[in-house]
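Those sequence lines, one after another, are chains A and B. Position one of the first sequence corresponds to residue 15 (this note's numbering), numbered consecutively onward. Position one of the second sequence corresponds to residue 930 (this note's numbering), numbered consecutively onward.
Warning: the hint list may mix true and false statements.
Stated by the list, open to error - Just a sample of chain B residues kept apart from chain A, beta carbon distances all over 10 Å, derived: (1) 954; (2) 955; (3) 998; (4) 1019; (5) 1024; (6) 1092; (7) 1114; (8) 1125; (9) 1152.
What the hints assert, rightly or not - Chain B side only, calculated, beta carbon under 8 Å to chain A, not exhaustive: (10) 965; (11) 1016; (12) 1020; (13) 1029; (14) 1032; (15) 1033; (16) 1036.
Treat the hints as calculated values from the structure; they're not laboratory data. Note that the Cβ used here is the ideal one computed from N, Cα and C, for glycine as well.
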Amino acid sequence: MYVSRQRTDEQDPLEPLIDALTHGDSLVIFPEGTRSAKPEPLPFKSGLYHLAMQFPQIQLIPAWIDNVQRVMPKGEVVPVPILCTVTFGAPLARIEGEDKREFLERARDAVLAQRPAVA
Amino acid sequence: MGLRTLSVNEQVALLFVIMFGVLVLAWVIWFALSLRDMGEAAQQRHARFARDLRAVWIGAMLFWFAWMSGPVGATLLFGIVSFLALREFITLMHTRRGDHRGLLLAFFVVLPLQFVLAGGRWFDLFTVFIPVYVFLAIPVVSALAGDPGRFLERNAKIQWGIMVCVYGLSHAPALLILEFPGYAGRGAFLLFFLVIVTASAQIAQEAASRWLRTRPAARHIDRSFSARAWWLGVASAALIGGAMYWVTPFKPLQALALAALAAGAGTLGELVMRALKRDAGVASWGHASALTGAVGLLDRIAPLAFSAPIFFHLTRWYFDV
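This is chain A alone, in the form it adopts within the complex:
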């Protein structure tokens, strides 16, 4: 699902996601909104927060895809066919009255916590 990254006045970029969620679909979200060359994820974009506020009943499950940086680094178009490991964590708990910045940081920490320990 493509989320437009150009901001326009007439349309909410999250609209297709909101449609999918109201139809009861699950979404896999990469909340950084881009790929980066850094080993750690960039700060999360606020779309995740808005979706979480709008749909309080859905579960937010943090996941870490290991090796994905090596499969297709930013700027490359052909993936290297190596094995990836996906680790899922416990659903993110909801905290009443949390502001956007705190929520996004907490979500990012939850994702980082799924990173497998380096052997």
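With chain A's structure known, arrange chain B on it following the hints.
For chain B alone, kept in the frame of chain A given last:
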């Protein structure tokens, strides 16, 4: 000798009947043993044996399919195995961004080309394509990526992956379709001979190191590997190879010498792979908790990947085929 009077196809069929017969027998023995009460240690041995037996079954099936499907099919089949092995290898090597193009080259250009060369019997180019051309091309691609960090180490990783998983394994289909004068169509025996001597050296070496309890030669890499156990492995492989001379185009002493050399290379190769594993920080290439989708394929094929090129080259060079 009655065997010689059979046609080639009948001989090959007999080979497969015997091979699968032995495997069925092993499975029956395993099953009979599992009906008995066992202590914990025996149970563990039993489970390990079942795992190894399953691997041998898969290997035997692969061998059979490769033979049934002719040169093109065999090349394709081993090409797929090589791809999976290289994937396991590269996954555990911590490559960097700058390696991306080099890895693409390895997976999507070098690997297919090498197997095409094997399938087409262009053996002169097949032998030098990777050590000469590819080993020059990979560092060039890496250098153009513009990342000088750990340059030598990163290139060595990719080159080793190609050497073991692609170059080594591509010799299996090459052996299958190697044309020996007066031995046409019997390539299956050649590969079978190689697999048997390599495997028996491994088994003998492992048994010897358990009984002898000698000082390990490289304690930090492999606690069980010792010079004496290695020699015993090579010696038993040589004896088995010598005894199997009649399935090969070799004379008994030639078979003995070739078996010793191939088996020695295989077990030493296993040691090298263990060192690489230690370097990568894993217990086995298919370590379940570290990695999903890896089945430890590399663990099974590593000795063969080292012995096959040496066996292939010696055979071609000595017999001039």
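Self-check item: Hints breached by this structure
Solution: 4, 5, 10
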